[in-house]
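There are 2 protein chains.
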Amino acid sequence: MWKGNTVIDRLNIDYPIIQAGMAGGVTTSELASAVSNAGGLGNLGAGYMAPEAMVDTIKEIKRFTSRTFGVNVFVPQYPQATEEETAGANKWLEPYRAELRIEQEPTLKQDLSLFEKQIEVLMTEQVPVVSFTFGVPPREVIKDLKKEGRVVIGTATTVEEAIINEEHGMDMVVAQGSEAGGHRGTFSGAFDQAMIGTMSLVPQVVDHVKIPVIAAGGMMDGRGVRAALALGAQGAQLGTAFVTCRESGAKAQHKDAILNTKETDTVVTSVFSGKPARGIRNSFIEEMEKGDGHHLLAYPLQNMLTKEIRKEAASQNRPEYMSLWSGQSPRLSTSQSASSIVESIVTYVEREYEEAVGKKR
Amino acid sequence: MWKGNTVIDRLNIDYPIIQAGMAGGVTTSELASAVSNAGGLGNLGAGYMAPEAMVDTIKEIKRFTSRTFGVNVFVPQYPQATEEETAGANKWLEPYRAELRIEQEPTLKQDLSLFEKQIEVLMTEQVPVVSFTFGVPPREVIKDLKKEGRVVIGTATTVEEAIINEEHGMDMVVAQGSEAGGHRGTFSGAFDQAMIGTMSLVPQVVDHVKIPVIAAGGMMDGRGVRAALALGAQGAQLGTAFVTCRESGAKAQHKDAILNTKETDTVVTSVFSGKPARGIRNSFIEEMEKGDGHHLLAYPLQNMLTKEIRKEAASQNRPEYMSLWSGQSPRLSTSQSASSIVESIVTYVEREYEEAVGKKR
Chain A
1 MWKGNTVIDR LNIDYPIIQA GMAGGVTTSE LASAVSNAGG LGNLGAGYMA
51 PEAMVDTIKE IKRFTSRTFG VNVFVPQYPQ ATEEETAGAN KWLEPYRAEL
101 RIEQEPTLKQ DLSLFEKQIE VLMTEQVPVV SFTFGVPPRE VIKDLKKEGR
151 VVIGTATTVE EAIINEEHGM DMVVAQGSEA GGHRGTFSGA FDQAMIGTMS
201 LVPQVVDHVK IPVIAAGGMM DGRGVRAALA LGAQGAQLGT AFVTCRESGA
251 KAQHKDAILN TKETDTVVTS VFSGKPARGI RNSFIEEMEK GDGHHLLAYP
301 LQNMLTKEIR KEAASQNRPE YMSLWSGQSP RLSTSQSASS IVESIVTYVE
351 REYEEAVGKK R
Chain B
1 MWKGNTVIDR LNIDYPIIQA GMAGGVTTSE LASAVSNAGG LGNLGAGYMA
51 PEAMVDTIKE IKRFTSRTFG VNVFVPQYPQ ATEEETAGAN KWLEPYRAEL
101 RIEQEPTLKQ DLSLFEKQIE VLMTEQVPVV SFTFGVPPRE VIKDLKKEGR
151 VVIGTATTVE EAIINEEHGM DMVVAQGSEA GGHRGTFSGA FDQAMIGTMS
201 LVPQVVDHVK IPVIAAGGMM DGRGVRAALA LGAQGAQLGT AFVTCRESGA
251 KAQHKDAILN TKETDTVVTS VFSGKPARGI RNSFIEEMEK GDGHHLLAYP
301 LQNMLTKEIR KEAASQNRPE YMSLWSGQSP RLSTSQSASS IVESIVTYVE
351 REYEEAVGKK R
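Taken in order, these protein sequences are the chains called A and B.
Note that the UniProt record's numbering gives residue 341 to position 341 of the first sequence, counting from 1, and the numbers run on in steps of one.
Note that the UniProt record's numbering gives residue 3 to position 3 of the second sequence, counting from 1, and the numbers run on in steps of one.
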C-alpha cells in the first residue's frame, strides 16, 4: 500500500511519516535519527540555530543514522523597532522579568547573515532534505540546493501559498492546517484568513499544485496519517506527537502540559514571538493578550525579548510563563519512543487497508 | 467495505453519507429525498420552521422516498432584550433597512412552544431520525422519541459536548469541526475554544464516547468521507457540498457565491443571528463586525432582527447583505445533482480501498 507514493520514492524513506522540524531544542539528534531509522523522515528544526551548533547536530544525526534526514530553516525577516516601541514592549514584560529575577533587558541584535550561513552549512554538510518555514527563499538558494540532488520542501497555509511554493521550484509542499501546533507558516495574506482546517486545506491544495503535498495539523496517530493519505496528501507531518516522545528535547513541563491537556486548551497567540503560534493557554498568554497588539514587537524581535523569560520560567519550573506549543489533538499524545510512534502508525494504516477490503460487500 | 458500519446498520441506509439538516430553506423535500434515494440520509432542516410547514414538507419527503430520512431541530433558548438593547441593535441595522427600502422594524416575538410543537410533529409524522443542534433536549423528549424506535442524533463541537450527548441518551453524535459552514453547534463552554479542526476533533471524540460518531466540517467529496472513516467516524455529514447542488433550495446568489469563492474567504461571525456561524465574508459582515458585540442581540433575537434584511437582499440581488453560509472547502463545490454527489463519493471510496490494497508491497 506504500507503492507509488511519491514522497517515499523521492526521499528514499520507507513510510511517508515526517517528523516536523520544530525549532527551540525539541528536535534533538536522537529524535531526528530515531524517526529516520524507523523509516520516516527525521528533521532538525534549525530555525534559531547558530551555524556551529547546526554543524555539530547534523554530524551527530549522520553518526546515528544512515537514512535520509532533513533540516528546517526559517526564511528571515528583518523588522525594525524604534526605541519607543521597544521600551513599550519591554514594559509589558517587566513583571515577568521581576518575578523570575531577570535583571537585564535583552539587546535586540539580528544576525543579518544567519540565513546565508545556515544555507552554507546545509550545502557543506550534504543535508539531503531542506525545508523552509515563513516563506520562500530567493530562487538562487533553491536552485543551488537542488543542484546536488537535495530535496527542497516549502510550507503553505493556503492554496495561494502552495502555488507560490511550486512556482519557486519547491519539490514538495507541506499544507499546514489550523490544527497545527507552534508557529503558523503563513507568509502571504492575513494570518486570520489562513486558519484553514486540515480536512479542508489538503484536498484544495492537492487540486491546485502538481508537486506532492504533505499534510500537517492535527495528526497524531495512524488514523490521522491514513486520513491525510485519503485526502490526497502523499505524506503526513507530525509535530506535537513527537514533542512528548522519549527522544524529544522538549522541557519536561512542556511534555507534561501536552500530556495533560484538552483539545479546547490551546490558543493561537503572537505574544511570545510576534508571530501567531498555537500553544497551551497559560497566564503569560492570558495577561499579554490584554494588550492591543501594539505592545508586541514584530517577529523575531518579540521572540528575542521573551527568550530569557521562557528559559528562566523552564528552569524555575514556572510553566505558566513558558511557550507550550501544541496542536489541537493533545488528548492523543503519548510518551512512547519515536520509533514506536512510527511503527504503530504503520501497523494501523496497513491493517486498516486490509480490514477495509475484507469488509467490502 | 461498508459492512459492519454501525451508522449504516442503525439507520438502514446504504452509505454513511449524511446531508446536513441546514435550516433556512436549503433542505427542500427534493434535496432530502434525493439523498435518501441515493442511499444516504437526507435531512430536513426544520430549525426555524412552523409546525404546519414541517408537516407539509415531511409528507412530501415521504411521497418522494420510501427510504430513511431525518429532521433536524434546534434546542431552543429564550433570551431577553431590553427596549434599549433592541433599539441599539436596530440602530446598527438601519442603514441596511434604508438601503433595501424596508420600512418597518420587526417585532421580536418568540413562540415559546415552537420546539414542543415541532417534537409533536416528529412524533405524529413518524419521522425515523431526529437530530438536534444547539444543545441536548430534556431527557423525556429523547426518551419519548426513542420509544418508537426513532434514532436520535446530537451535535458536539468538543469532546465534553459529545460526552454530554451520550449521557443524555443520544444514539449517535455529530462531531462538528471548525471547518463547518453555518452555525456552530457549541452549547457548553466558550465558542472560541470550541473551534477544533475536524482532523483533531473526530479521533478525540471517538476515543471518549461509545456511540457512533459522525464527522462534520470540511468534507465535500470522496476524499473527505474516506478521511472521516479513517479517523474512526462511522459516517460523514456534508452541508456545503449539498447547498450548491441542483435540488438545494439555496438562493441563486448563495450558490454562486460558494461556487466562486476561495478557502480564505469565509469567516465565523455572530452578526446575522447572534450566534457564531461560518459564511462568506461580505460588506454586511465587515461593517457589522466593527461593533463591539454589544450592538448585537442574543440568538435568536438577532436572527429575527436581520431576517427581513436577508430576505430583501436576496430578492433585490444584493448578496453583500445576505448570509452566505459556507464551510472552508468552497473550492471543492460543484453544481451536480444530489444523487451524483452521493454516487461519486461512493465510487471514490470503494475505488480508493481497492487501489490501496493493490499497492500493498
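Note that these hints are calculated values from the structure, not bench results.
Hints are not guaranteed to be accurate.
Unchecked claim - Dumping the calculated DSS-like pairs for lysine-lysine here, alpha-carbon to alpha-carbon at most 30 Å:
#1 A:K275 with B:K262
#2 A:K210 with B:K109
#3 A:K290 with B:K290
#4 B:K290 with B:K109
#5 A:K290 with A:K255
#6 A:K143 with A:K91
#7 A:K3 with B:K3
#8 B:K290 with A:K275
#9 A:K210 with B:K255
We went through each hint and held it up to the structure:
Taking the CA atoms of K275 (chain A) and K262 (chain B), the gap is about 24 Å. The hint holds against a cut of 30 Å. Between the alpha carbons of K210 (chain A) and K109 (chain B) the distance comes to roughly 55 Å, so the proposed pair goes past 30 Å and is violated. Between K290 (chain A) and K290 (chain B), the direct Cα distance comes to roughly 19 Å. Compliance with the 30 Å bound is thereby established for this hinted pair. The straight-line distance between the Cα atoms of K290 (chain B) and K109 (chain B) is roughly 27 Å, inside the 30 Å bound, and the hint therefore holds.
Restraint check for K290 (chain A) and K255 (chain A): satisfied, since their Cα atoms lie roughly 27 Å apart, inside the 30 Å limit. For the hint linking K143 (chain A) to K91 (chain A), the alpha-carbon distance of about 44 Å lies beyond 30 Å, and the restraint is violated. Of the pairs offered as hints, the one joining K3 (chain A) and K3 (chain B) holds, with about 26 Å between alpha carbons and a cut-off of 30 Å not exceeded. For the hint pairing K290 (chain B) with K275 (chain A), the CA-to-CA distance comes to about 24 Å; that is within 30 Å, so the pair holds.
For the proposed pair K210 (chain A) and K255 (chain B), the alpha carbon gap of about 28 Å is at most 30 Å, so the pair holds.
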